[in-house]
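Undergrad: Place chain B on chain A using the hints.
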Amino acid sequence: MLQFCRTKFVGFEQESEEILKIFGTLDDTLYAMQIEMKLQLPELVITSITGKMRRFTTPFCEEAQNFLKNAEGLKIEPGFQSQVKKLIGRPGCQHLGNLINECCESIIPALLYMKYKELKEKDPNVLMSEVFGQLKATYPQMESFCTTFSHLNEM
Amino acid sequence: MVLSYTKNKELHVFEAENKTREVRARMRDMCFEGEVTIKASKTMEILEITGKIETSISEKCSESLTLLEKMKGRRIAGGITKLVYGIIGKKCPYLASLVMECIDGAILGATVGPLEKAIPQLWRSREKFTKEAIIEFMPHMRNSCVAYTLKEDP
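Going down the list, the sequences are from chains A and B.
Counting along the first sequence from 1, when you hit position 61 you're at 61 in my numbering, and nothing is skipped either side.
Counting along the second sequence from 1, when you hit position 90 you're at 90 in my numbering, and nothing is skipped either side.
Looking at chain A on its own, in the form it has when it is part of the complex (with noise of 0.2 Å):
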């Protein structure tokens, strides 16, 4: 019998050269909320964040909106879960926190896809590894820790 159901969407919206938009729903037995964040290119640093706790279990559960603020200034790098964990997740609501790395681990593939999008308008056929090159050279950070990049890398 289906004791427990959740299901997260996350959304990227490029407002700009420099911004992009990052939307994010949890929706579970238990708890409902949705952030929405700006993250700031290519430096992939969260400029902005705000959210809604829509459904949770405890009159309390709320409080945890004032501690999205943290994330504000957190760079998309090695280690950052646990900096979301830490900032949000532990002194806010783990499933807030959840919600934020399910958005931000969705940067490197958003991107790679974005690239891929514009370079294969250009030509049909181009290759995975002319879109990780233009990537690595606008977002060095990505390759010391994204694997799927080293792996591309050897495409």
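Source of the hints: derived by calculation from the structure; they are not laboratory data.
One thing to keep in mind: the hints can contain errors.
[As the list claims (entries may be wrong)] Restricting the straight-line Cα-Cα distance to at most 25 Å, the calculated cross-link-like pairs of lysine-lysine (BS3-like) are:
#1 B:131 to A:136
#2 B:90 to A:115
#3 A:136 to A:52
#4 A:75 to A:21
TA: Just chain B now, kept in the frame of chain A:
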């Protein structure tokens, strides 16, 4: 404005035979589609684990499916995140993320029952709904988040 990238992740936790729990996590984004299923015992031991990858931009991800076997027999407890990313994440972060989702699911599955019983009762009598009351009810949750942390807690 049109979204440039989307990701969906679904988690389902089922009660299975002999007080075990079956947890399924599925993810789909522009670069990857895959699924991981684990069976966890009442004592949170991973009894079975399987996975499948339908779409991936990296061949290493498909190759990493065999690594799931290394999670068998492990207990869902402190240090499991490091273990998952150390064993699977190095090869395929997507697959590691799905394993972690299953692990979260096993924990949430164990928590949802007691919460479903206690929380509606507490909401009915708001004056009794204190942090002390919920911590007394679920002491293992103490210091885990704002709701389970008292002012005097470090």
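Undergrad: Next step is simple, just say for each hint if it's right about the structure.
TA: Structure-based check of all given hints:
1. B:131 to A:136: violated (48 Å)
2. B:90 to A:115: holds (23 Å)
3. A:136 to A:52: The given pair, whose Cα atoms are some 35 Å apart, is violated under the 25 Å limit.
4. A:75 to A:21: Holds. Residue 75 of chain A to residue 21 of chain A sits at ~15 Å (cutoff 25 Å).
Comparing the model with each numbered hint stated earlier shows that hints 1, 3 do not hold.
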